[in-house]
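Q: Listed below, chain by chain, are the residues.
2 protein chains.
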Amino acid sequence: MVVKVYGPAYASPKRVILCLIEKQIDFETVPLDVLNGEHKSPDYLKLQPFGVVPVTIDGDYKLFESRAIIRYYSEKYKSQGTDLLGKTIEERGLVEQWLEVEAHNFHPHINNLVLHLLFSPLLGFPRDDKVVEESEKGLSKVLDVYEERLAKSNYLAGDFFSLADLSHIPFSSYLFNIGKEHLIRDRKHVSEWWDRISSRPSWKKALELS
Amino acid sequence: MVVKVYGPAYASPKRVILCLIEKQIDFETVPLDVLNGEHKSPDYLKLQPFGVVPVTIDGDYKLFESRAIIRYYSEKYKSQGTDLLGKTIEERGLVEQWLEVEAHNFHPHINNLVLHLLFSPLLGFPRDDKVVEESEKGLSKVLDVYEERLAKSNYLAGDFFSLADLSHIPFSSYLFNIGKEHLIRDRKHVSEWWDRISSRPSWKKALELS
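Read top to bottom, the protein sequences are chains A and B. Residue numbers for the first sequence follow full-length UniProt numbering, so the first one is 1 and each next one is one higher. Residue numbers for the second sequence follow full-length UniProt numbering, so the first one is 1 and each next one is one higher.
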């Protein structure tokens, strides 16, 4: 069965694509013209009632919310491809902890930066420099905590690559498109971590789908 | 081993307390004076580097982020107390989906309402009526989707109580303290769902800890 991934091949859907590649799961993308509001069309709202991307369909099993999808496929195919959940329940606990940190501490700031500095002209809303400034400050503080954490282990949840790291990749890569890579490069351990996770073959493959 | 829960016995820590009661896990709370900034003290920052509550300590295993903690204890004690993760990997996928919806669609709006209408005098910041109005509108739209979903099953992830439902309880209960219970009561299936989940003995016990 080929998993269908609804959404454009960037931003949150890329989190799912990257996971499916790491797990060696066959998939196909179903493009969606988000810039022209296709994610708010009646047909799409039947798949995802909140009108956001991505959605996956696997036979008759439908799932939305990127971080729920990556947990599901990592568990369903636990022993296939890269194990992304840790070996023990305690390791998985730490994967969950840093995945939540990504969602609640890291993502809101980086999402604002990317929205205002990269997507605002495409989406047709004005860039708000105050939001940009506050988001950069907020992201800096979060990355200071990451720097301390990554001085102690190669990856966020320990010495193994996991969903917690993977979930950071798509949006972090945009920092290099918007002239904000210093947020990563000015921090030794964050910078080494970024090189470690972004040089994985899975990310190179995912980029080819853009 | 008794699990220590750091944080005041309300808001996000209550999510954890409720889960531990459902799972029949012994715990004790370690109060923290959040209103006077104890969560930003150097000692607490050693436990939780972002300065937010809760944190659990179980022997030498420390975990933060309430939704990571409830996943961990639900998995570690899968067959003890209420099963909160679903019986199959597919059911767990749906639990994860609605837990993510709670975190990303539901929580930001209800958190704003509760902050501005309940906690702002205690925390010493002015209530912003525009934020209140927009958050109420946002929450209404989310609950419209819930209404449709809950017309089809008794609980969010299906016909079983799970972390997805549990995670809504602490903040939803505040709607009754701030005169916004109509958001629940005006929707037949949401209202029945609320009665179903808030009448559980675990929530009554959790309230006694306030």
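Among the hints, a few may not be true.
No copy is singled out in the list; a pair is fine if it fits within one copy or between any two copies.
Straight line, CA to CA, 30 angstroms or less: simulated DSS-like cross-link-like pairs of lysine-lysine [as the list claims (entries may be wrong)]: (1) Lys46 - Lys180; (2) Lys87 - Lys180; (3) Lys205 - Lys130; (4) Lys180 - Lys78; (5) Lys141 - Lys76; (6) Lys76 - Lys130; (7) Lys152 - Lys204; (8) Lys137 - Lys78; (9) Lys137 - Lys205; (10) Lys188 - Lys78; (11) Lys76 - Lys180.
To be clear, the hints were calculated from the coordinates, so they are not data collected in a lab.
Q: Checking against the hints above, which ones are violated?
A: 2, 3, 4, 5, 6, 8, 9, 10 and 11
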